[in-house]
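Place chain B on chain A using the hints.
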Amino acid sequence: MTTTDTRPTTTRPSTEYLDPKLNSRIPEGPIERKWERHKFEMKLVSPTNRRRYTIIVVGSGLAGASAAATLGEAGYNVKCYTYHDSPRRAHSIAAQGGINAAKNYRNDGDSVFRLFYDTVKGGDFRAREANVYRLAEVSMAIIDQCVAQGVPFAREYSGYLDNRSFGGAQVARTFYARGQTGQQLLLGAYQALSRQIGLGQVKMYSRTEMLDLVVIDGRARGIVTRDMVTGKIESHFADAVVLATGGYSNVFYLSTNAKACNATAIWRAHRRGAFFGNPCYTQIHPTCIPVSGDHQSKLTLMSESLRNDGRVWVPKTPGDKRAPSSIPEDERDYYLERRYPSYGNLAPRDIASRAAKQVCDEGRGVGPGGLGVYLDFSDAIKRLGKKVIEDRYGNLFEMYERITGENPYETPMRIYPAVHYTMGGLWVDYNLMSTIPGLFVVGEANFSDHGANRLGASALMQGLADGYFILPYTIADYLASTKLPKVDTTHLAFRETEAEAADRIKRLLNTKGTRTVDMFHRELGKIMWDYCGMARNEAGLKHALEMIPELRERFWREVKVPGEGNDINQELEKAGRVADFMELAELMCIDALHRDESCGGHFREEHQTEDGEAERDDENFSYVAAWEFTGLGTKPVLHKEPLIFEYVKPTVRSYK
Amino acid sequence: MNLTLHVWRQKNPQSEGRFVTYQAKDIIPDMSFLEMLDVVNQELIMKGEEPIAFEHDCREGICGSCGMVINGYPHGGHRGTTACQLHMRHFKDGDTITIEPWRARAFPVMKDLIVDRSAFDRIIQAGGFISANTGVAQDANAILVPKQNADAAMDAAACIGCGACVAACPNASAMLFTAAKIAHLGLLPQGQPERYTRVVRMVEQMDKEGFGGCTNIGECAAACPKVIPLDVIARMNRDLLVAKIKGV
Numbered sequence: 013m014t015t016t017d018t019r020p021t022t023t024r025p026s027t028e029y030l031d032p033k034l035n036s037r038i039p040e041g042p043i044e045r046k047w048e049r050h051k052f053e054m055k056l057v058s059p060t061n062r063r064r065y066t067i068i069v070v071g072s073g074l075a076g077a078s079a080a081a082t083l084g085e086a087g088y089n090v091k092c093y094t095y096h097d098s099p100r101r102a103h104s105i106a107a108q109g110g111i112n113a114a115k116n117y118r119n120d121g122d123s124v125f126r127l128f129y130d131t132v133k134g135g136d137f138r139a140r141e142a143n144v145y146r147l148a149e150v151s152m153a154i155i156d157q158c159v160a161q162g163v164p165f166a167r168e169y170s171g172y173l174d175n176r177s178f179g180g181a182q183v184a185r186t187f188y189a190r191g192q193t194g195q196q197l198l199l200g201a202y203q204a205l206s207r208q209i210g211l212g213q214v215k216m217y218s219r220t221e222m223l224d225l226v227v228i229d230g231r232a233r234g235i236v237t238r239d240m241v242t243g244k245i246e247s248h249f250a251d252a253v254v255l256a257t258g259g260y261s262n263v264f265y266l267s268t269n270a271k272a273c274n275a276t277a278i279w280r281a282h283r284r285g286a287f288f289g290n291p292c293y294t295q296i297h298p299t300c301i302p303v304s305g306d307h308q309s310k311l312t313l314m315s316e317s318l319r320n321d322g323r324v325w326v327p328k329t330p331g332d333k334r335a336p337s338s339i340p341e342d343e344r345d346y347y348l349e350r351r352y353p354s355y356g357n358l359a360p361r362d363i364a365s366r367a368a369k370q371v372c373d374e375g376r377g378v379g380p381g382g383l384g385v386y387l388d389f390s391d392a393i394k395r396l397g398k399k400v401i402e403d404r405y406g407n408l409f410e411m412y413e414r415i416t417g418e419n420p421y422e423t424p425m426r427i428y429p430a431v432h433y434t435m436g437g438l439w440v441d442y443n444l445m446s447t448i449p450g451l452f453v454v455g456e457a458n459f460s461d462h463g464a465n466r467l468g469a470s471a472l473m474q475g476l477a478d479g480y481f482i483l484p485y486t487i488a489d490y491l492a493s494t495k496l497p498k499v500d501t502t503h504l505a506f507r508e509t510e511a512e513a514a515d516r517i518k519r520l521l522n523t524k525g526t527r528t529v530d531m532f533h534r535e536l537g538k539i540m541w542d543y544c545g546m547a548r549n550e551a552g553l554k555h556a557l558e559m560i561p562e563l564r565e566r567f568w569r570e571v572k573v574p575g576e577g578n579d580i581n582q583e584l585e586k587a588g589r590v591a592d593f594m595e596l597a598e599l600m601c602i603d604a605l606h607r608d609e610s611c612g613g614h615f616r617e618e619h620q621t622e623d624g625e626a627e628r629d630d631e632n633f634s635y636v637a638a639w640e641f642t643g644l645g646t647k648p649v650l651h652k653e654p655l656i657f658e659y660v661k662p663t664v665r666s667y668k
Numbered sequence: 087m088n089l090t091l092h093v094w095r096q097k098n099p100q101s102e103g104r105f106v107t108y109q110a111k112d113i114i115p116d117m118s119f120l121e122m123l124d125v126v127n128q129e130l131i132m133k134g135e136e137p138i139a140f141e142h143d144c145r146e147g148i149c150g151s152c153g154m155v156i157n158g159y160p161h162g163g164h165r166g167t168t169a170c171q172l173h174m175r176h177f178k179d180g181d182t183i184t185i186e187p188w189r190a191r192a193f194p195v196m197k198d199l200i201v202d203r204s205a206f207d208r209i210i211q212a213g214g215f216i217s218a219n220t221g222v223a224q225d226a227n228a229i230l231v232p233k234q235n236a237d238a239a240m241d242a243a244a245c246i247g248c249g250a251c252v253a254a255c256p257n258a259s260a261m262l263f264t265a266a267k268i269a270h271l272g273l274l275p276q277g278q279p280e281r282y283t284r285v286v287r288m289v290e291q292m293d294k295e296g297f298g299g300c301t302n303i304g305e306c307a308a309a310c311p312k313v314i315p316l317d318v319i320a321r322m323n324r325d326l327l328v329a330k331i332k333g334v
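Residue numbers (this note's numbering), protein chains in the order written: chain A, 13 to 668; chain B, 87 to 334.
Treat the hints with care, as some may be off.
Simulated pairs of lysine to aspartate or glutamate, DMTMM-like, Cα-Cα distance not exceeding 25 Å [to be verified]: (1) A/K572 <-> B/E129; (2) A/K215 <-> B/E295; (3) B/K178 <-> A/D306; (4) B/K111 <-> A/D306; (5) A/K333 <-> A/E349.
Since the hints were made in silico from the structure, they are not lab data.
Pulled out of the complex, with its shape left as it was, chain A reads as follows:
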C-alpha cells in the first residue's frame, strides 16, 4: 500500500466544540494510522460467541448485501430485509459508470492521499476528513474482493484490469464493467449473500417493508415490518440494527432513483431519535435524459463516463432553433471547456449541472421546452472510430435511442440535470453508528464521506466499503462492549410500535379521499424542485416551508388509497412512503434555509461569485448540521459537528 507522508496543518484539540449529544469518535493519531489503530483498539467478538448475536440488516443493495454477507460469514445470526421480491433488485443495480479505487494501476500519480484529497475537495470541504481517508484506504481491498467474487471488470488485452476517468479527478482510477458496474458489483454481493442464505447463516425476508424502528432503553433493538403479500404487521428483535436503505431523491418525485426508493426507514429512525445529517445536500446529476412530458414517471441517467468522450455544448445565440448539424462550429459554445479548461467536460457534477441550468436560463437550451444541452460524440467518433465508441458506450447509446427515438451516433444526445443522489442522511459517528446506540447506518442512507457533493464512481465505493470492510469491525466493538438485556418481541415497546404502524395504515386506507397518492407526490416534487432544487434562495425556501405543511395536511385529509390492507397493495405501499417524504421535505427546506452559504450541491443564489460560482462561508458553516426531531410541526433542534481540516486546507474549489 502506498501512503503519503502527511503532517497535520493544524493541531486539533480533540475535545473542543463537542456537542454533548454528538460524539464523532474520531480516533486520535495521524490520519493514515487512525483506522489501523482503531481496528486494533476496538473490542472483538470471538468466533464462538458470534452466533449468540442477532443482527438485523434492512436493505439488500450494495451496502446491505455486502454487510449481511460479511456478518454471516463471520458467524453472526443475520436477518436481512427487502421490499423487493429478491435482494438482487436493489437500486445499486442501476449504477452504470464505475467504482473508484486508489490502485494507481495506471501509474498516473494516484494514491490513497490523492483519492482522499479529491473526495474532500469534490465534497466542497463539508465531509469529515477521517472518514474520507478511511474510505480511500479501503478502496483497494474492495476491488480485490470483487475480483475474487468473479465480478467481470473490463480488461486490457494483456488480461490486466482496465480503468477510465470520471469527473473531478485528473487520474484514471475508475474500474468498470461495461455500463453495468453497479449491476455486477451488486450481483457479486448478492451472490455472497445468497451463499450465506443457502448456508442458513442469513435469513432473508423478501417482500417485507420496514415500517418503524423499535428502541428499548435507548438502544435499537428491532424493527416492525409489513409483509407485503399478506399485509401482516410483524416484529423482529435483534442486538443491533443496520439500516442500508439508500437515499431520498424520490422526495422530488422525478429523479433517477427507482420508483420504490424511499426514506421511510431512515425517517422513522429519525423520529425515534436518530439525528439527520445535512438533509439539504442533494446531488443533481448533469447527464440525464430530459423530461418529455407530464406523464413522465422517472428520469433516466446517462453515465457520467460519457463525458470522457462527449463534448457538451449549446448554440451561442439564444433561441437558435436550427438542427445541431447545421450549427457551424464557431456558433457553438462548448461552455464547460470554455469555463473550466483544465477539467473541461469532466468538471464535477454540481458544477456541470449548474452550468447547464445557466445556459438554459439564458435561453440557449435545446430541445422541447429549451431544457436541454447537447452531448456530442461526433469528434470522438471521427478521432477513434465508431467501433471504439460502440465498445465503450454501446449499451448506453442503445438505451438513449430506445427512450428518445434518436440515434446518438448521428445526432448529439440531449441531456439535462436531474436529482440523482442524496449526500445527506442519518448522522453517524466514525463507527457508522447513529445517535441511537445500536443503530448503524451504511451506504447512501448515512450522511458521511461525500460532504456537499459526491464525485462520480464514489457511491459504489462507499456502499461496499461500509458493508464489507467497516461495519463488520465496528458493530463487533458495539456488541462486545455493551451489556444488552435479553428482550423478545413480546416486549411492550414492540407491541406499541406495531400498534402505531397498524394505525397509520388504517388511517391511509380509511381516508377514502378524492386524490391519488401520485397526485400528491407530484405536487410535493414540484415544490421541492422549484424551491429546494438546483438553486435555492431565502424567499423560495420560506415559501416552500409554508406550502409543505399545508400539502401534508391535505394529503391526510384527501388521499385516496384503494383496496385493503391484507394483500398486495402497491398504492398503500406508496402512500406510506409519500407520507414520510412529506415530513422529510420540510426538514430539507429548513436545513437549506439555515445553511446561508453555497457549497457543493447546495447552491444558495444569494451566495455566488460574479461569474456564478458557489461561495462557501467557512467561518460560519464549516460544520455538519445534525437535526434532532422534536415532533411534527415543531422546529427541530440543530446540533453542530464542527469540521476540522488538518490535512486538506479548504480553498476556493477551482476546476478552472
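Quick look at chain B alone, frame taken from chain A:
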C-alpha cells in the same frame, strides 16, 4: 392515441383469473409502456377500482422487476428491450393489446401481473457464487483474465433475472437463466475450483423447482432483454457431462 387493453386480473394465487378490458385514452408516443399503464391505473383509482398490480422499479431495464407478456411476447418482443423500456411509439392508434403475467408452474401468479420468481433466488443459493469470504482476496491484478474471456463472462453476467426466458419457453425451462450464471463464473479463473460442483447443484435445484427441460427451441434467447446467447446452455450441458464423468 387510444388503445384497447385486455389485461389479466387475478386477486390472489388461489382465485381464478380472467381478462378484463380497459380503454387507454390519450396515450402519447413518448410514454413508456409502464407509463401507459400508470395512466390507466390512475383512472381506475379515481373510479374507485383496484389498479392493475404489476412489478416495476428502476424503469431503465436493469433491475429485472418488470415482466409481462405483451401480445404474446415477453416484454413485448422488441430485441434487447424490457417492458419498462418499451415505448408507445411502437404502437398505433386503435391497437388492441393483450397483457398477461409470466406463465410457468415454477412462477405462480401472486396478483394480476405479479408472479413469484423466488425459485431463481434458490437456484443461485444452491451454488451460483464463488465462495470467497470477505478479506480473502489477493491483489486484483494478480489474477489475469484474457479480455475475450472477461467479455464473454460479462455477456453472460448481464442477466437481470427477469424470467422472460422461462415465460418464452414452451417447456417453461430455466436453462438460460441457470446457464448464464454458470457460464459467467465458469469462464473466469476464479470460478474454476467450484466449477463442477456448481453446475451439479444449480441444475439439481432448477429441476426441484419444477422448471421444464430444454429442447433446443431457442425462444429463451430470442426473448431475453439482455440478449444472452443460447450457447451458454451448451456450455452448461458440457460442464454437467464432465461433472458426471468425474463423479462430482
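Evaluation of the provided hints:
1. A/K572 <-> B/E129: holds (12 Å)
2. A/K215 <-> B/E295: holds (20 Å)
3. B/K178 <-> A/D306: holds (21 Å)
4. B/K111 <-> A/D306: At roughly 15 Å apart (the allowed maximum being 25 Å), A/D306 and B/K111 satisfy the hint.
5. A/K333 <-> A/E349: Status holds; Cα separation ~23 Å.
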